[in-house]
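Residue numbers (our numbering), protein chains in the order written: chain P, 1 to 428; chain W, 1001 to 1306.
Because the hints were derived from the structure by calculation, they are not lab data. There's no promise every hint is true.
[Said to hold, decoys possible] Under 8 Å between C-beta atoms, here's a sample of chain W residues computed to sit facing chain P:
hint: 1; residue: Arg1006
hint: 2; residue: Lys1046
hint: 3; residue: Val1049
hint: 4; residue: Asn1128
hint: 5; residue: Ala1151
hint: 6; residue: Ala1154
hint: 7; residue: Val1185
hint: 8; residue: Glu1188
hint: 9; residue: Glu1191
hint: 10; residue: Glu1194
hint: 11; residue: Glu1239
Virtual Cβ for every residue (Gly too), placed ideally from N, Cα, C.
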Amino acid sequence: MTYWEKWVGFEGQAVQTVVDRFNRSQSRVFVDYYATSQIDRKTLVATAGGDPPDIAGLHEQNIATFADAEALLPLDGFIRAEGMSNEEWLARYYPVYARICSHGGHVYGGISTPAVMALYWNKTLFREAGLDPDRPPRTLAEFNDFSRRLTKRDPVTGRLTQVGFLPQDPGWWPWIFCRWFGGKLYDGRDITLATDPRNVAAFAWIQSFTKYYGLDDVKRLSSEFGPWASPSAPFFTGKIAMVFQGVFYDNYIRQYKPGLDYGVGPWPEAVPGITDFAMAEADVLTIPRGARHPREAWEFIKYVNSANAKAETFDEMSGAELLDFLQVKISPLKVWSPFFANHNTHPYIGMMRRLASGPNATSVPDIGIWQEYYREVISAFDKVRLLDATPEEALDYSQARLESSWKRYRRSLERHGQWAALGEAPPK
Amino acid sequence: MTRNERKQLRAGLGFTSLWIVGLAAFTAYPVVASLFYSFCDYSILKSPVWCGLENYHQLLQDGLFWKSLRNTLFYAGLSVPLGTAVALGLAMLLNRPVKGRSVFRLLFFMPSIVPVVASAMLWLWIFNGEYGLMNGFLNPILAPFGLRGPAWLADPSWSKPALVIMSLWGTGNAMVIYLAGLQNVPSELYEAAEIDGATAWQRFRHVTLPTIAPVVAFNAIMALISAMQLFAQAYIMSEAANGNGNASDGNPERSTLFYSIYLFSTAFQDLRMGYASAMAYILFLITAALTWVAARLSRGGRDDTL
């Protein structure tokens, strides 16, 4: 059975270890692991060509698009064969990961590696700014205040040498700021990017950083930033004091800036009463339509999405916990074994678990045009942060484009007789 | 057709049959199929549904289609004449009997055989706003005027000019063709012009240029076709310089969203193969029209054709 997955390096080794453990655990199925770049595009083309892998490790944002394109096999039948309903199967995950697995009332994937994003701050820079290094900002107002206090300029040239926070670093999830401000991107029926005033407020907040620092100063400082996974990444060189990054970031800190004195905490409270807001994402194991060994593929997905809840040693761990332990990440499952919970080498694993398990953890909207949506948000984000448009102008433009795209997409689903079923599915 | 001719035809077809099959399966069929798909709602995985001219109609109303076309024409409009001037200029210099001429020719040709990804990574550093060679050179010149070099690839106003400058790095191929053309200019024409008292500019304008005009036209048209299909450099550099994960949207602010990039993301991210096929055909028509215009202009009053 062929399994395409995107991971290489030590994370790829972790996947291989899990594959080996699965292969040894039974004699009927043998999984061949192939590290594959640009996995979504290759899976798509292979599926269209009738020769897909048995398992494809996609990104969570692929689920809705690929499912609507009928590229994925629903797992509902396999779950039923296990004597469970979809709801019972999904109830084993933290809610945010359960939502990622499903689309239109069907389960299309199992989680392989989950991530949750939190606030990382540089304790050394906090001390230098006269802030308590063990107390991160708790509210948005505090966050803004800390950010200004952590900003430094060269006393002679006036050039920006350090900032507290910069929304474009790493710049992968600008949409999350809307969700953090309480906004919705999609209400289950319509696009709400510009119509939800909280999204506009989030973009105004993004723009406030450029206005405060100065556009030319930001451009100049940004030019000094190296790639995020390198020793010259701005958080590692002390040019940025606070970033929102994933559970995986600890691995990169160990590799590129060992000894960095940093803390991890929840996102500050942007909406009064919403504490422990967090963004989650995950890689998903899926069975492409046309796979030659779907039943065997399900066996592997089931293995990776289960764990030995009683494991007290490394050797007793299996499935999700083994993979996530080796990748130094959290488990997406609600129940953690004593060994996984107590011996995970991530220094902030407890905080990450708290954020992932909370009711305010959120992930990408469940909408088939997400790739297009994402590009529109990035475009609006660029316009706003580069002061080329007001938040209203930028979001209105993107809203108009997305409304048109969503209308066209729905029409396409109607043509193929899919919209009725999707439209009836309860919003997640 | 005589028996011998029929025999030769069979042999010829036999020897070329593999190529004919390959052309039919991997070029002719996709070309025809994509024309059909351009009239369909087609996502590659589901059966195509005929939708008539809807894709073409939507294209005309798609702001990004026009933006990507403008970006592409801007790039082509600058890079083709500049590239032609630089390649021709280099060829003329390297056609002079200077010492170490072969070495210079090699040096100027070498960049054109550097793989596109490698050169893109190199130019990313050259265009780095803070540490890049380009601003290292420009800043001392601009400093007396209180100016600094731009952020290039991270600045929407300068990202396209940066790619144009980078395109000049790869003029080696054109330069070699110009060199061959220059070496075919009869020396007696220069001698006659000199005897008539022509200056260097007049010799270039009235002897060199008319003689190598077909070569200039060929190079310009090839450069134009290549510029209209610009993809790899822009795709790699815009993402690397601006982060934004896997957006491949010509960042910042879609200033480097070229036609081929928009076509690619429409096809492989949004799974709109029908729409992307329509885009491909529009690009084909635009490129064909521009090529025809360029060929007409280069021909001028002459009857010769390319």
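Which hints from the list above does the structure break, by number from lowest to highest? Of the numbered hints given earlier, those the structure breaks are 1, 7, 8, 9, 10 and 11, listed in rising order.
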